[in-house]
Amino acid sequence: PSEPLIFERGSGGRRAMDFAPLGAGVPPLTDGVPARFLRNAPPDLPELSEPEVVRHYTRLSQRNFSVDTGFYPLGSCTMKYNPKIHEEFVALPGFSRIHPYQPEETVQGALRLMWELERWLCEVAGLSRATLQPAAGAHGELTGLMLIKAYHKAHAVAGDPPRDEILIPDSAHGTNPASAGMAGYRVAQIPSDARGGMDLEVLRRSVGARTAGLMLTNPNTLGLYDENILEIARLVHEAGGLLYYDGANANAILGISRPGDMGFDIVHFNLHKTFSTPHGGGGPGSGPIAVSQVLEPFLPVPIVEKTEDRFQLVYDRPKSIGQVRAFHGHFGVMVRAYAYILAMGAEGLRQVSEDAVLNANYLLARLRDLFEVPYDRPCMHEFVVSARPWKEHGVRALDIAKRLLDYGFHPPTVYFPLVVEEALMIEPTETETPETLDAFVDALAAIHAEAEANADLLHHAPYHTPVRRLDEAEAARHPNLRWRPEGGEGRP
Amino acid sequence: PSEPLIFERGSGGRRAMDFAPLGAGVPPLTDGVPARFLRNAPPDLPELSEPEVVRHYTRLSQRNFSVDTGFYPLGSCTMKYNPKIHEEFVALPGFSRIHPYQPEETVQGALRLMWELERWLCEVAGLSRATLQPAAGAHGELTGLMLIKAYHKAHAVAGDPPRDEILIPDSAHGTNPASAGMAGYRVAQIPSDARGGMDLEVLRRSVGARTAGLMLTNPNTLGLYDENILEIARLVHEAGGLLYYDGANANAILGISRPGDMGFDIVHFNLHKTFSTPHGGGGPGSGPIAVSQVLEPFLPVPIVEKTEDRFQLVYDRPKSIGQVRAFHGHFGVMVRAYAYILAMGAEGLRQVSEDAVLNANYLLARLRDLFEVPYDRPCMHEFVVSARPWKEHGVRALDIAKRLLDYGFHPPTVYFPLVVEEALMIEPTETETPETLDAFVDALAAIHAEAEANADLLHHAPYHTPVRRLDEAEAARHPNLRWRPEGGEGRP
Amino acid sequence: MRYLPLTGADRRRMLDRIGVSRVEELFEAIPPEARRSQPLDLPGPLAEPELSAHMRRLAAENRHADELISFLGAGAYDRVVPAAVRHAVARSEFYTAYTPYQPEVSQGVLQAIYEFQSMVCLLTGMDVANASMYDASTALAEAAAMSCGATGRGRVLVAETVHPEYRRVAATYLAHQDRELVTVPMKDGRLDRHRLEGLLADDAAALLVQQPNFFGILEETDGLADLVHARGALLVVAADPVSLGVLRPPAQYGADVAVGDVQPLGNSLSFGGPYAGYFAVREALVRRMPGRITGATHDEEGRRGFVLTLQTREQHIRRERATSNICTNNALNALAATVYLATAGPEGLAEVAGRSARLAHAAQARLCGLPGVRLAWPQPFFFEFTLKLPRPAGPVVHALLQDGLLAGLSLGRFQAAWDRLLLVSVTEARTLEDIERLVESLRRILAAA
Amino acid sequence: MRYLPLTGADRRRMLDRIGVSRVEELFEAIPPEARRSQPLDLPGPLAEPELSAHMRRLAAENRHADELISFLGAGAYDRVVPAAVRHAVARSEFYTAYTPYQPEVSQGVLQAIYEFQSMVCLLTGMDVANASMYDASTALAEAAAMSCGATGRGRVLVAETVHPEYRRVAATYLAHQDRELVTVPMKDGRLDRHRLEGLLADDAAALLVQQPNFFGILEETDGLADLVHARGALLVVAADPVSLGVLRPPAQYGADVAVGDVQPLGNSLSFGGPYAGYFAVREALVRRMPGRITGATHDEEGRRGFVLTLQTREQHIRRERATSNICTNNALNALAATVYLATAGPEGLAEVAGRSARLAHAAQARLCGLPGVRLAWPQPFFFEFTLKLPRPAGPVVHALLQDGLLAGLSLGRFQAAWDRLLLVSVTEARTLEDIERLVESLRRILAAA
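Chains as they are written, first to last, in the numbering used here: chain F, 1 to 492; chain W, 1001 to 1492; chain H, 2001 to 2449; chain P, 3001 to 3449.
This is chain F alone, in the form it adopts within the complex (with noise of 0.2 angstroms):
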């Protein structure tokens, strides 16, 4: 059954909130505050007593896919199973209730945990110190480029052309581009080359004085590892650019081979893919970054420091590039990764990425007869197939994402990286079970069946979901993006 807006419930009167009364001794509001200051009437917020608004947000959420109740293998986003007690530690009044600017002896657990998060972070990473303060990952690439340009003008030499270019792969994440873009560079696309990887002559030429530093994603969004990983780090260092890991895709990696060692400077990890927190349906994320020790000197303040057996936040630090968010960063999120490497050890962590890419592996195994392999090698933990032959029977990717909602699966990523026609991006993670993507090649299997049969089925599904396919032009044509009250605007 369809669920009407928070606004369309309720009814005028209704409270789900009550108060004691103050009592005396508590002047009234307007002997503090001057008239001029106050609206007219409360906001036009909707009414309504406890039952209603449990009984709506818990049918709202009925209405949504996530990662426990099904498979979700999007790729890029690691949508692996999020262990449940690391909600409990959250919720734990001596990390939920206490304050960012508590005097430092009262939150040393807290400094604990982000200073040794910081250490475990760098020892994945292989590299020297980290910030955990960027709010996601974007956050965490927009930081590193900051520290690419802080690091520049300390280094620049007068007369020197400007370092104002990143050189970013055509595979690339689109928030890498975005994030070079709000941090003042200018962007240089080096394309793919026959075997996936970045063409290295290309970036050969593209290299220059003007170079500030190169964005890669390694394994690529083609799930790829680039094996020439070693030369484009020595290219780019060479010309004095700085090499930024996108670790989108860490999960593959995760003691194997360590971006340090690849010859990264600045890594970014997203903990809400890589270290298992939850992605809360659109975020809250976490994108701390890791630097080479030349870059320490730049990162945003503050930053824990160990002094004896005490912990304390440092603001002082001239070079700094300044503060990127306001208090230390997103503490709930540290807390679940933190809690997340503890788990694991490093053992675990080894496991994860050994499974993560037999998973895949063994999934593009039995899909190479439905679809096309662009790059056949073997993938890392994600792989990207091309359903151009089912363009003969007038199907496209974005058909088998809708119908593959009816089987009970969410779609992998479709039409991304934009280097392949018809691509679907598929990421099992590795916590899912063999039977599981078994279930989900039987779908395709059948859903390849119904493409031959008839494919205006396709065209029209999703048929058994909440709803069905949303005409999501008309939402760009006739921006409809806010309730309104009847009679206009409400009461300012």
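Note that these hints are calculated values from the structure, not bench results. Bear in mind that the values here come from a model prediction, so they are computed numbers and not experimental data. Some hints could be false.
Example chain P residues on the side facing chain W (calculated, C-beta under 7 angstroms, incomplete) [unchecked claim]: (1) R3002; (2) Y3003; (3) T3007; (4) P3043; (5) G3044; (6) A3047; (7) E3050; (8) A3083; (9) H3087.
Non-contacting residues of chain W with respect to chain F, defined by C-beta distances greater than 12 angstroms in every case (computed) [to be verified]: (10) L1029; (11) V1054; (12) V1067; (13) E1116; (14) R1129; (15) V1187; (16) L1200; (17) G1208; (18) R1234; (19) E1308; (20) L1370; (21) D1376; (22) F1416; (23) D1456.
Listed next, with one range per pair, are the computed distances between beta-carbon atoms [as the list claims (entries may be wrong)]: (24) N1480(W) to E3301(P): 35 to 41 angstroms; (25) E305(F) to R3288(P): 57 to 63 angstroms; (26) I3317(P) to A1473(W): 56 to 62 angstroms; (27) I3317(P) to A1020(W): 46 to 52 angstroms.
In this text, a Cβ means the ideal position worked out from N, Cα and C, and glycines have one as well.
Once you've looked at the hints, dock chains W, H and P against the given chain F.
Frame of chain F, contents of chains W, H and P only:
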């Protein structure tokens, strides 16, 4: 999508539970436990990882209707909203992590809660003491009947005929006669009169020297308050019997009419109905009983007593019927009921009953056109209508119930009480909005139109539920009550 | 009021539709003498923040197992509860549902119960199990009553080594049915087989035993069922479900009924409840079983589904001739047990049981190294054991509390003659360090006397 | 390992199917120099009980707001969170979902975000809001950058009375875009209108102000927008969302952009995050807005449904020309805010805001009764206020901690000249008794000096 059995998931060798090594210094099991006591192999439980366990039970949960997801007008069950914060209270370590045998000085908060709750329930009942031990309504009934037996035994005069008979109206819940049977009583059934109350003439003829007591729900299962209650009480008491109040319907009378004031000697409350503790898909409930002064000595042990500012469990009560359950009752359920009473206060509880009765009468008024109303009086918190007129379309109460599922509603109780043909017993509770009641009426009206147009549609309802109409006859004829491992009985 | 949606305007509109002018008119059937005019004498109402503060204060007046190192058991155990269990029982589709009377929208609860029944059968080796009882004590009492019904006899024997509270409950139940509960005395902490033979006349309906017994000791079960069955009686075994991870299942030594408490399987201590009882029988007894049973069947399209079944045993249909009056059971606690067992798996459950027993033996060895401390009876035990102390156990327990220890249960509360007995329980949640703390504290306290 | 389902047998079968013999073969693309042979130097693995014990120990090394009476605010507030909010965000269909890229199975998140956007508009009076930012500071920085883009200018003014950390973040963002952030000095704790006029040249893209400002003071907004707009600049207002329960909405005094942090709406303190920023604009700016936006549309059967929309602004399509790089946002915190506002309703939110302000004024009056204690600037304030103490605030705060009080924020951390300033925040979670404790403790400490 369907969900396999947990035994059909998983694979040999998977684990969702792991342990740190025990270390040296702890001898192997077989050092201490002789082999003759040990089983040959562990039980054939499923083997799964944590992600599989969590997904399985999360998916199962979604295949279940609940108060949090929809209107649940199941007559006699009082499916009202259960405040969310109560679940947090119960989980506080100070409540959830205390052992029933802890020294009393370490559980003063728990004992205080029980002591106060006992007093509050007595106040609502209009009686003088209570036991919180009974685990559910039926357990309260059994305990109450034991008290009646103990009372009569204590007051028996040599030569009197045995008081071995319990009077129960024909509209009573099935647990009443079952409990009487369990307590070793014979049951005499009293029919209902034309106004839906107890037939006084039959009662007059039935009470006598063998009458141990009478069990009554008031309002009764027709949702009607028995206007003759004082006369009923007088008749039973004059004959030397006691009156037992089945509190299943107490949601109608909070602060309005107290069973003690009606003349009852024993009252059970279903905390999971009247006092808003959730029903847990079938339990746990809690069925405390309150009693009049003459019955106090017979109450089960232990009982909480207060001396000065200290609370203690008292077991030494020579006239007690003994113990009806190990430990002290469903403490976790008590915590919720205690919080509920405190949240509502006296006025709030009275409002609960007024609104419950108002909602029921409103719904009854709106449903008059669709059904037959067997007893045309204002109802209390619930009412019974008959779908007899629908028979002309070949539609039965069961069909209506099943079709309501397609409209997103839980059906009312059907075919109960037995005194009404094609009964639908409807209890909206006070936590539903008039909008929901109106939508429910609309659904029934739509179903009525369907019955007129195409009765066969209803015979095969529901259509949109996780499974279609289930073959209950097959289940009873060929009982399949458990999963069995392949190749027989497992490996004990 | 936050839980009540009706507003004044709602109420007026609804009264109009009903055709009365005041809500009081709806209550006119109540005779004035039974009508209450003044408000009830109750505290409140409290807003959520005040309510929360009050409840937290009350909880803080208790010292709990996160603060104290607990060796208390005797039927309620401080075991590790996996987070997955809490997640499942916190799903409000489970906990705010009623008994699954409409199976088409109750497959979640029904399937979980079917899984529970199956798991109980796997643990105990029995053929069939029901959907749960209130707890072990009432399950045992119902087993006693059922045995009387099945045999047509009115005398039930119970081993003195069964939990004293379980025995009391069975006695209460049977007394009110004009049936008799007879205690078979123990010898050296175990059922006295010789006395049993004497008491096993042809009118005995059943023998009730517990394994491991109340004192933690393993009862010798060889030949027991033969003895009981030879006199036409049933053997009812109360068995801790965790122990069945490694101990022989009751069916294997001839039990006709197995009962127990699933509290140790993922349910919190909660000051004694709610827990849930399990109840399992041999095939022949299925239609005599009390309580709800879930069965598998099919829907109109041939898909598997689950329903409550064999309801003709129950009170809705059979009324005073029902096999029992139990109606609401403890389904949510049974669900917790089900998720727990799915999480543990065979190896996990064996490890929980085995660790507990191994740690218990380590603890017993160390404790019995203290002067004057010995096992009450030198018998094989599992994860609980009964010590005899050189002086009354009650004051010792109180003294150990000062060291943050719940040392165990002083058995003097049940019988004056047991006043030096201390029942110590060791679960997998304890560590060797915890045990060392107990040993050292006890050493100090005994020395100080 | 409990989170990893693959068994040895699974792995062997899968390797066979792939056609390799060892998993290492799958990693052969990695050059040996970039391959790790020895294990990482990390602690663990820990089983769940050990992990749990460790995390609880760590949490216990912090003193939290259940133990301490807190008057700390400055952008993060100890407000009452209704249980209904925790229930909603604990629904794992919400928290274990990804960004709703497949709308047909993401209506839960999408509709909730649509409701969030609507509520933000109702609070602020703005036309459109997005689906959330990371927090207030980054929302403000994005607003500054957006203003530059919209006006084609590179200079942004910010009032000195804006939260110092927000100003720092905006400065960092702008500096890397070769844009400039210029501080407009304050006078008596408020924006100096005179200095503003001087700094508002024709190259200013925007003025950033905060209401109530960092010091808790209410900025005079009359005529402010006219002044700013007259020079072609935009007015960006950072407003506490709770205060908007009773304070004038920014749109009404001419704001073009309203931003803020929804932490106070049902999100826990969590040592500073995750919170969520809100971001709302006038209609004309909608296609310049950063971040995700949800819109209503219809499905094939004409039923209403929700989708992510206006994605051409975003990095997936526009790449380096996107309005911002923000991708993952803070949807779950926005959900908490949505459920909070649904729970509070208009009257509830007004009461939360009003109570806080009333208690704050009661606290200020009592505190300023102490010798040498006064308001730093005598201006109208809302629920926070800045005291000037007779001596440095830092040591006073530490002394009050001994009495279990978090007395507020010593502003010396931001500027040496502010070292006697104490920013005190009073929310509806405080009581008059809490305030009395603060007053008495402070009295004693000041007297002892």
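With 7 angstroms as the cut and Cβ atoms as the points, is Y3003(P) at the interface with chain W?
6 angstroms, holds
Starting from the range 56 to 62 angstroms, see whether the pair I3317(P) and A1473(W) falls in it by beta-carbon distance.
Roughly 59 angstroms apart at Cβ, these two residues keep to the hinted range, so it holds.
Going by Cβ atoms only, is H3087(P) closer than 7 angstroms to chain W?
4 angstroms, holds
For L1370(W), is the shortest beta carbon distance to chain F beyond 12 angstroms?
21 angstroms, holds
Claimed clearance of chain F by E1116(W), with the beta carbon kept past 12 angstroms
20 angstroms, holds
Are N1480(W) and E3301(P) spaced within 35 to 41 angstroms by their CB atoms?
Between N1480(W) and E3301(P), where Cβ atoms are some 39 angstroms apart, the hint holds.
Under 7 angstroms is the threshold here; is the Cβ of T3007(P) close enough to any Cβ of chain W for the hint to stand?
Constraint on T3007(P) satisfied, holds at 4 angstroms.
Closest CB-CB distance from L1029(W) to chain F, is it above 12 angstroms?
Non-interface label on L1029(W) holds, nearest chain F Cβ at 27 angstroms vs cutoff 12 angstroms.
Hint A3047(P) vs chain W: min CB-CB distance below 7 angstroms?
With a closest approach of 5 angstroms, the A3047(P) hint holds.
Holds or violated: is the Cβ of R1234(W) farther than 12 angstroms from all Cβ atoms of chain F?
41 angstroms, holds
Verify the interface restraint on A3083(P): the C-beta must sit less than 7 angstroms from at least one C-beta of chain W.
With a minimum Cβ separation of about 4 angstroms from chain W (threshold 7 angstroms), the hint on A3083(P) holds.
Is it the case that D1456(W) keeps its Cβ farther than 12 angstroms from each residue Cβ in chain F?
Correct as stated: the minimum Cβ-Cβ distance to chain F is 24 angstroms, above 12 angstroms.
Consistency note: the structure conflicts with the earlier hints numbered 4, 5, 11, 12, 25.
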